[in-house]
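Residues per chain are reported as follows:
2 protein chains.
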Amino acid sequence: MPQTSMEIEKATIILKLLGDKTRLTMMKLIDDEACCVCELVEIFQTSQPSISQHLRKLKDLGLVKEDRRGQWIFYSVDKCNKYYPFIKPILDQIPSQEYKLKELEEKGTRISCC
Amino acid sequence: MPQTSMEIEKATIILKLLGDKTRLTMMKLIDDEACCVCELVEIFQTSQPSISQHLRKLKDLGLVKEDRRGQWIFYSVDKCNKYYPFIKPILDQIPSQEYKLKELEEKGTRISCC
DNA sequence: TGTTTATATAAGTATATAGTTATATACTTA
DNA sequence: TAAGTATATAACTATATACTTATATAAACA
Numbered sequence: 001m002p003q004t005s006m007e008i009e010k011a012t013i014i015l016k017l018l019g020d021k022t023r024l025t026m027m028k029l030i031d032d033e034a035c036c037v038c039e040l041v042e043i044f045q046t047s048q049p050s051i052s053q054h055l056r057k058l059k060d061l062g063l064v065k066e067d068r069r070g071q072w073i074f075y076s077v078d079k080c081n082k083y084y085p086f087i088k089p090i091l092d093q094i095p096s097q098e099y100k101l102k103e104l105e106e107k108g109t110r111i112s113c114c
Numbered sequence: 001m002p003q004t005s006m007e008i009e010k011a012t013i014i015l016k017l018l019g020d021k022t023r024l025t026m027m028k029l030i031d032d033e034a035c036c037v038c039e040l041v042e043i044f045q046t047s048q049p050s051i052s053q054h055l056r057k058l059k060d061l062g063l064v065k066e067d068r069r070g071q072w073i074f075y076s077v078d079k080c081n082k083y084y085p086f087i088k089p090i091l092d093q094i095p096s097q098e099y100k101l102k103e104l105e106e107k108g109t110r111i112s113c114c
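First to last, the sequence lines map onto chains A and B. With full-length UniProt numbering, letter number 98 in the first sequence gets 98, and the count goes up by one each step, no holes. With full-length UniProt numbering, letter number 64 in the second sequence gets 64, and the count goes up by one each step, no holes.
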């Protein structure tokens, strides 16, 4: 029996969003810790608009929330969102991506930006 | 901490596969009960090649198994597959699709075919 | 063995999606 | 207030994907 039964249409949309390597990795990363856009740009070695567009899609569904701190906007998984119980077991089963943040710290890029 | 840590690449591929309404519904359906291709064609009101192609993708990853019974091939979720623990919590959270099989039975299409 | 039924595959098409470049917006600070 | 930095959006392009039609394969049965 379902723990939290949810519409199959919504489940499909969410799984499709998570079925992209950049977004899935990003969600795992910001499930632990808020990151700003420029950090994500550096981590994923892609363009800033590309990252913004991924975040936009996640935000449109309410999966992530933003938190402006000065000129930076920090994104993190919205654990209060009603779909969080659905995605949590998925995120829990994929390996931690914290090492990506560690790499930034070692390069000094993390501090310089945020 | 991850229960069953799995490669993020594999997780992405699986989630992308599940991020399609037909495939997700199908997986939920055949998680409970094996169905033959012609039943799935009728349930999803689409062409037979379309269903076969969806099943092919699921089978390529080992998510489903086939079982020939005479002229029919029955498909069901392969619960022994190493990725099953990953998809199980997802399937558990979406509503049962058994009513679709009930509809077939009421129409008499289920018996006539299989 | 030939015909029918069930399923798979190939090839083509239309649409969806991710990424790019260019530009706009918003905040910060000199 | 002007310049610089961070992020968002728009428009475009290239690729991926789902579906269609046509055809192949495989089993059943007359």
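These are computed hints drawn from the structure, not numbers from a lab. These figures come from a predicted structure and were not determined experimentally. Be careful, since some hints might not be right.
Heads up, the list lumps identical chains together, so a pair's fine if it works in one copy or across two of them.
As the list claims (entries may be wrong) - Once the Cα atoms are required to be at most 27 Å apart in a straight line, the calculated DSSO-like pairs of lysine-lysine come out as:
id, residue 1, residue 2
1, Lys79, Lys102
2, Lys107, Lys88
3, Lys57, Lys107
4, Lys79, Lys65
5, Lys102, Lys10
6, Lys107, Lys82
7, Lys107, Lys59
8, Lys102, Lys82
9, Lys107, Lys16
10, Lys107, Lys79
11, Lys102, Lys21
12, Lys100, Lys10
Do the hints match the structure? See the list:
1. Lys79 to Lys102: Within one copy only: 23 Å inside, 37 Å across.
2. Lys107 to Lys88: neither (30 Å within a copy, 39 Å between copies)
3. Lys57 to Lys107: neither (29 Å within a copy, 41 Å between copies)
4. Lys79 to Lys65: The answer is within: 9 Å in one copy meets 27 Å, while 36 Å across copies does not.
5. Lys102 to Lys10: So Lys102 and Lys10 pass the 27 Å test across copies only (23 Å; inside, 34 Å).
6. Lys107 to Lys82: Result: close neither inside a copy nor across copies, 37 Å intra and 37 Å inter.
7. Lys107 to Lys59: neither (29 Å within a copy, 43 Å between copies)
8. Lys102 to Lys82: The answer is neither: 31 Å in one copy and 30 Å across copies each exceed 27 Å.
9. Lys107 to Lys16: For Lys107 and Lys16, neither the intra-copy (33 Å) nor the inter-copy (33 Å) Cα distance is at most 27 Å.
10. Lys107 to Lys79: Neither, since 30 Å and 44 Å both go past 27 Å.
11. Lys102 to Lys21: within (20 Å within a copy, 38 Å between copies)
12. Lys100 to Lys10: between (30 Å within a copy, 19 Å between copies)
Violated hints, in rising order: 2, 3, 6, 7, 8, 9, 10; the structure is consistent with all others.
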